[in-house]
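*Asks:* Each chain, letter by letter, is given below.
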Amino acid sequence: MQVKAPVVTPALVLRLACVIVTLAFLTAFLLLPLLVVFSEALRDGLTMYMTAITEPDARAAIALTVFTAIIVVPLNIVFGVAAAWVLTKFEFRGKSLLLTLIDLPFAVPPVIAGLVFILLLGNSGLLGPILTYLDVRIIFSTPGIVIATLFITFPFIARELIPLMQEQGMEEEQAALSLGASGLQTFWHVTLPNIKWALMYGAILCNARAMGEFGAVSVVSGHIRGKTNTMPLHVEILYNEYNFSAAFAVASLLAFLALATLIVKSLLEWHLRRSRETADQS
Amino acid sequence: MSIEVHNISKSYGNFQALKNVALRVESGELVALLGPSGSGKTTLLRIIAGLDMPDPNPDTQVLLSDEDVAGQHVSSRQVGFVFQHYALFRHMTVYDNIAFGLRVRPRRERPSRAAIAEKVHRLLHLIQLENLGNRYPAQLSGGQRQRVALARALAIEPRVLLLDEPFGALDARVRQDLRDWLRRLHDEIHITSVFVTHDQEEALELANRVVVMNEGRIEQIGTPDEVFHHPKTEFVMRFMGHVNLFHGRVESDKAVFGPWELDRHATGQAPGQDARLFVRPHEMDILRESDGRPVANAVVKRIRSAGPYVKVELDLGSGEVLLVELSHDRFNAIQPKVGEQILVGLRKTRVFAEDYVI
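Those sequence lines, one after another, are chains V and B.
Residue numbering for the first sequence follows my numbering, starting at 2 and increasing by one per position.
Residue numbering for the second sequence follows my numbering, starting at 10 and increasing by one per position.
Don't read these hints as lab results, they were simulated from the structure.
Careful, some of the hints might be misleading.
Keeping only pairs whose Cα atoms sit at most 30 Å apart, straight-line, the calculated BS3-like set for lysine-lysine is [to be verified]: (1) B:K310 / B:K346; (2) V:K90 / B:K28; (3) V:K96 / B:K28; (4) B:K357 / B:K346; (5) V:K90 / V:K197; (6) B:K357 / B:K241.
These numbers come from a predicted model, not from an experiment.
Go ahead and model the full structure; you've got the sequences and the hints to work with.
*Replies:* In structure tokens, the structure reads:
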């Protein structure tokens, strides 16, 4: 039997034009920059590349970036799951306000977010006297970087989970409870398995942003070499010192991270689609 | 295990889903909560289960085997609840779904692995899905999923079984099969069961007793025969199947409804009020000559003879269309033709006073 083509197939010319425009755009704004990053990074040879990413300041920046992500991602997983759980499984006053507040970090420019933390936690800030009295240093130090990154990345996981959990409803949870399961057992055996792919997807995006965040971190870090420099800040410093190949070498690590994120992300998307499809059938 | 509720009210914002409802279900009964959507039947079922909480009121009681469980959480009430859309755990196999309620028990009360396996296999046998233990819910048909949901609820040896529109999402054939199967199952295990339905046929066929609900209140409780043949209210009369309705007035010795005059005493209504006459299609007859009972002239508009009854639509001349159901034998004896003038008689009537609701 001959399968008829859909009635609304656009003309061949139009389709070709769309493909060409898309490819040209992708090449100009994604592929070329990526190539430039790697070619600039390797311009002075592999030895220089290795030196640039293993010298102490670079190593400290990498360590700080990884350290920040290791703290931020798990905390935001906990926060994201808790927020999505509350927002999708319960009805209460002020629910839509809370939903809007979760998006706040997307709306506030990162630099402003950084400034807010300086005004709040800096020496002359609102909580400055207390922090000075307690001899706790947050701004221009690692805790400040962690807090700013935490703020910037907290919507990522909640945003991934909310639509999925809304769609799934709470009948399965109610069924588990009626069968005698405790709240924790219900969460662990019923809720979590149903959201695990979306959760991983959100965690990957959260991690990418945590490692790549520049604006907010730049404001609160103070750019102290070997101490409060993350990788993006380190790249900027090297670049401002006209140390282009070293700057691009460290940048290439971030580019690798981006590529890895994209690959994992598309794998997860594929999984997520599949689990949604089976959910639709049931 | 009996179920008893007293003084149950439930409101959602301005909407009152239940208005001071009381009900007792005896041990081993199979009771239907029947009503249109929005009548509060599902809410009542969920309150019995503990999935919803009634409005706070010191007189409110929810008793399972005469023990007040109103303060107990759903997880400790030990009720088997079957959801309308099954709510099977989609990432677990059929086997794991059924075993779930046993596996989540505290270690002291949890049966051994072998005991769980034995029980799950017994339940799989009971629901006739022995070979499908390894399937996932998405790989089952609607009827199979419904049976898995039932087995999962039965696995915890519940005190009572509560089913929310158990056959609502299934097609007609599967519905009938599953209905018969559930009836046989209940005859076998005699667990006190309450199911919600909006299908009067389902309720009448399956239940020992039917609770008819409307707008948050119970209209009538009775056996299927009682609610069908002796409806207490107009709502029950209308909800139990198609009715022909005539407005009229009760006078001192007779009651007049359009073409019909009835003896007032037979209607049981006080004189001097407006009333309505209800007649079911199968409680009417068509005749060539009057047999002494009240008759009216009518014109045959349409005849539908496919099915167990012949449905004849009649026009009383006033534009009102009347539906009469006849047996094929009776129909063949009379042989009315479309467009023909004929007599229509009443074999059984019910009169309800007009309730003035302003």
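*Asks:* The structure should be examined with respect to each hint, and the outcome stated for every one.
*Replies:* A quick look at each hint next to the structure:
1. B:K310 / B:K346: It holds: about 9 Å lies between the C-alpha atoms, which stays within 30 Å.
2. V:K90 / B:K28: Roughly 27 Å separates the two Cα atoms, so the pair holds.
3. V:K96 / B:K28: 29 Å, holds
4. B:K357 / B:K346: 25 Å, holds
5. V:K90 / V:K197: This hinted pair holds, its Cα atoms lying about 17 Å apart.
6. B:K357 / B:K241: 15 Å, holds
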